[in-house]
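Student: Keeping their order, the protein sequence lines are chains A and B. Once you know that position 311 of the first sequence is 874 in our numbering, the rest is easy, because the numbers rise by one and skip nothing. Once you know that position 550 of the second sequence is 1866 in our numbering, the rest is easy, because the numbers rise by one and skip nothing.
Hints were generated in silico from the structure; no laboratory data involved. The C-beta atom is built at its ideal place from N, Cα and C for all residues, glycine as well. A couple of the hints might just be wrong.
Covered stretches of chain A, as calculated for chain B (at least 3 residues, CB under 8 Å) [unchecked claim]:
| hint | region |
| --- | --- |
| 1 | 638-648 |
| 2 | 663-677 |
| 3 | 750-756 |
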Amino acid sequence: MTSTGRRQPSASPNLVLVAAGLGLDALASWTMAQQSYHWLPVQASTAAPYVDNLFALETGIGTFILLGCSAVIAWTLLFNRAPKYDLDDGDPIEGNLTLEIIWTIIPLLVVLAIAWHTIGINHTLATLGGKQRLATAAPVATAALPIATGSPPSAADSAELGPIQVIARQWSWEFIYPNGVRSSELHLPVDRQIHFRLISMDVLHGFYIPAFRLKQDLIPGSVIDYRLTPSRQGRYRLRDSMFSGGYFATNQTDVVVESGADFAAWLAAAERAPLRPSFNEANDLWQQRLAKRNRGWATVPPAPPPEVNVSLDPKNTHEA
Amino acid sequence: MASSSSSSPSFDPRMIKEPQPLPGSPGSWRRYFSFNTDAKVIGIQYIAVALLFLLVGGLLAMIMRGELITPPADLVDPTVYNGLYTMHGTVMLFLFLFPVLNGFNNLLIPPMIGAPDMAFPRLNALAFWLFPVFGVILMASFLVPGGPSGSGWWAYPPLSTQNPLGHALNGQLLWILAVAVSGVSSIMGAVNFCTTIIRMRAPGMGLFKMPIFCWTALAAQLIQLMGLPVLTAGAVMLLFDLSFGTSFFKPEGGGDPMLYQHFFWFYSHPAVYVMVLPIFGVFSELFPVYARKPLFGYHVVAIASFAITGLSLIVWVHHMFYSGTPQWMRNVFMVTTMLIAVPTGIKVFAWIATLWRGSIRLSTPMLFCLAGLFNFIFAGITGVMLATVPVDIHVGNTYFVVGHFHYVIFNMITFGVFAAIYHWFPKFTGRMYYEGLGKLHFILTFIGSTLNFLPMHWAGLMGMPRRVASYDPEFASANVLASLGAFLLGVATIPFLLNIVSSWVRGPKAPPNPWNAIGLEWLLPSPPAAENFAEDVPTVISGPYGYGLGQPLVEDQERFERRAAGLKP
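Construct all of the structure, not just a fragment, from the sequences and the given hints.
Tutor: Written out as structure tokens, the structure reads:
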């Protein structure tokens, strides 16, 4: 059906109003970008500030776009509403080539600029602590654990520490230090690059420490060389981020970042401690389930708790 | 009530003879349970069964949110939670969204382009009847020993090939079968939709006189044709690894678990565009109707759909930034992913410009479109954040992704589905819906979905992994809000179902064009006769969105309008 009439052109905002609106939008976006740092956990690795700055930049740009678009939509809803029983059509504007070119080119430039900026950050993060997937000749899951051969912890504090083997299982974390100490919570010296070897014994797992803003999957059949530098002392959470089945949610532990001296003392004490089975929530829950006639859906049984010198203590509270 | 005995029928008399959905006519309901080849019957079959599965998926979601309202896993066993979330995702994607959109393709494409039916009606019916088949296969997995698949809707090996109980018949096997059969059904549908759009348009309807819904349907179905064979190949290999001891993805046999992720995401990321593109089409149809203005920049909006199709096929690795991907791969796929913001932005700006200086009517479909547009801008912004590698490495696989994904899939796509259901309800049922119930449904849905999915972003930024059955106490507040929102969404379905059922049974009869809309489907009676225009197909003489331009859409427009209204030509 064709039009029954045409409405008179309705109110349009004038230039002053548009400029004021854009100014307000920019101010609000700046505020949101500053606020965005508070939506994230504490920054505890050298990578974290780069991630947070990028997130703040994107929050700012995103807020500007969201508020700008919403303001225009709100304007039309306020001033371009049809009165009841009014059957008229709006202005028959079919398009505007200049405008269409502008709103193709500007977003293109904006996303390319963000992408260019981010490629730079990717490069920086790679130099701060890269990763490399090593193909292994022997299947890792069945081979004996490789014996760690790294610099002893007594080396200069500036030297890289490692490799620390990170072994993930359904559902436990185990860390083996260069001197052979085994633990189920991760202790790291602050301000020193750490070299990890990420190894999964069964399925995919994710090595994720939110306070570090870092995450890397562990891929069965591969060893992943991984490096990072903690930058703030504290107790943080390490969470399995790649779904690994049955008791996935319990596959978490603590990361303790401490001074070099404290770390050395901890390591020495750990060396003297005897091996004993670690605390392991998945196993506790599995035993409870078996006691209740094994009701629930199918899952592989949890791997036995790793034998460690130092166990995770569930009573500790973490910062982030 | 319409009845064949009425002295002066207010509808096309062919409707009595033809197998089409006229409420009240004898035996009309039976055709919905038969191998009917009429696209309009098939469309309603798809939508009805899909809405049934929306309730199933929603129920699973509410049990999950019940579990997550407190930090420990105390409502169901963690393994049960894993099965519930796996089935929630699978049901919502493969049994709700794809089928409901295929329902709209069936209902809308032939009338919009003036075709009597789909190009291959029997193939069309076969594609539909596979849907209950894989629906039953998937639901049956709740009954097999060990319960349904609990490896997530990605079904990443080696987890998905672990088969803990060792039974030959297990939930994971049924899951793979259901997904494979669903793929076959979707390919059948895609062949049909593409052929129909390319070959069966009304005289005068060149590609650039075609409604945007048909453009987006074509763009989406081309993705199905290019992507689905890859997913199906991956699913077959996974099935062989699971059931026949092969080792395509098993490292101990020389396979690589990462290979599956490439197969899976090569289709499953574009799959999001298969779902979102038709909703872009719905927005492009509805904004002009309810703002009484031509679609701003029609040509660019149409072409942007194909830019999205092309780009969608080269972005899949952004799901694997934190897996075993090298740096160059991260950079390349970050750039391609971010480029999608450009054609998508073009569409968003075009819709906003369509509203500008319009004559806006806030009926239920328009409310769903406006809220869907707002939510989509938000989701697009979090999408660009996720595309940038460093941010993705922090928030990937956390609740930030769950929030982003649901903002796209529910707060935008499903909002568009509701808008489309309300908008075309009078056309295909011949009845008007109740505006008050529609608005109540909208308000509850908007509040519920915002409450449900917005706090998830915060939980994810703070480091809460997705797919957990229990979590650390610091995430409790976000999860309580999300759970309340989910329960509110459950409540919101009550006015919706009440509206749809009662309107169809006893709503006021709908005129041929209740919204004063432009389009070939509005030149047909409500509901249209079985073969739409049959042999008397109008010749299209102007573009699809001539609001306020005062041009007729087709030659002899008045004759078609009178005929649709049941008057003598």
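Student: None of the hints should be skipped; say for each whether it holds.
Tutor: Structure-based check of all given hints:
1. Only when three residues or more bring their CB closer than 8 Å to a CB of chain B does the claim for the region 638-648 of chain A stand; here the count is 5, and the claim holds.
2. Three residues within the 8 Å Cβ limit are the bar, and the region 663-677 of chain A against chain B gives 8, so the coverage statement holds.
3. Look at the region 750-756 of chain A against chain B: 0 of its residues bring a Cβ nearer than 8 Å to a Cβ of that chain, fewer than three, so the hint is violated.
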